[in-house]
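Chains as they are written, first to last, in full-length UniProt numbering: chain A, 1 to 286; chain B, 1 to 62.
Note that these hints are calculated values from the structure, not bench results.
C-beta: ideal position from N, C-alpha, C; glycine also.
Do not rely on the hints blindly, as some may be mistaken.
Unchecked claim - Sample of chain A residues at the chain B side, in silico, Cβ under 7 Å:
(1) I64
(2) S215
(3) L219
(4) V241
(5) A242
(6) C247
(7) A249
(8) M266
(9) K273
(10) V277
(11) Y284
Now for the letters of each chain:
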Amino acid sequence: MPEYLTIIIRATSILVVLFFVTKMLGKKQISELSFFEYIIGNTVGSIGAEIITGLDNSFIHGVIGIIAFISIPFAANLLAIKSKHLREFLDGKGTVLIRDGNIIEKNLKKERYTPDELMKLLRRKSVFQFSDVEFAILESTGELNVLLKREKQPLTPSDINLKVAPIKEPRTVIMDGKMINEALEFIGKSNEWMTSELEKLGVSVESIFIGQLESNGQLIIDQYDDSISTNESVDEGPYLVAILNKCQADLELFALSAHEEQAKLMYIKNSEKLKKVIQDTKKYLQ
Amino acid sequence: MKITDVRICLLNLKKVESGLSSLSLNKADIVAKKKLQSAMLEVCEVIDDVKERLKELEHPQR
């Protein structure tokens, strides 16, 4: 067998072996390599390269080397799930760099981080003043996680006692001028419903690049023709609240001017009912 | 108070009812759906009462 053919065969089989072996280790590797895992990855790669081109060496020996190098961390990971101590030993522990707004110089030195590097990591988290930070921890992956001081944290609806309706993720229902049937099925809408919705907007499916269905049922589209913009649809919710308020006020007024006692009571009862409805649904109609 | 005022009110109530029903159909969130549906039913009851009253006003029994 000519040498180049051997190399091709070896390369393909190593690729297959590496593919399955790395699958076995799970998704974690891609995003957060610990130093240990980083070295293993490098070594396995080197062994692979060595087997492919080093024709004098045995192929099987190389594969055994790779499997050994992968199965040890695999076993270590399995054990680490069971034991916290082993986990800390293998993956390392986070180091607190800022506590109560104070930089802990001792820990900074221990991790061999310079003040410049600390500031760089903080800036990566959009923090430009270390005085804004209540607590910061350097994770074993080298990432700095920051808890801002209470007064520097972004304002959320609950901070101002604002009631908001829960939202669901929007679904992309049209792509490249075609309806995506699985997405429609998932949210329980039919093709016909979609077609009638598009008719309301006065566009055809073919002219739409991307169409998304928001959680409140609104369809938002982008057309191929960029000179047309069709997203000025009115949100019905606030409009309904306004009419409801008006009706409630009307009923109250009727109650005041009604002559018969029975009618008066009826108006008052219904006005109260509407009041309750407004209270209950306001959140969902914003 | 004029009969027309009551009529307009009834009309607005019906508008709200249909608006609530179409919104509740479109909502993706189950809780929101249920809330809007029950609100629609409440409005429905109000409509019935106002309708009765309108009948009385239009055909007063003497």
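Consistency of the hints with the structure:
no.: 1; hint: I64; in the structure: 53 Å, violated
no.: 2; hint: S215; in the structure: 4 Å, holds
no.: 3; hint: L219; in the structure: 9 Å, violated
no.: 4; hint: V241; in the structure: 9 Å, violated
no.: 5; hint: A242; in the structure: 10 Å, violated
no.: 6; hint: C247; in the structure: 5 Å, holds
no.: 7; hint: A249; in the structure: 10 Å, violated
no.: 8; hint: M266; in the structure: 6 Å, holds
no.: 9; hint: K273; in the structure: 6 Å, holds
no.: 10; hint: V277; in the structure: 5 Å, holds
no.: 11; hint: Y284; in the structure: 5 Å, holds
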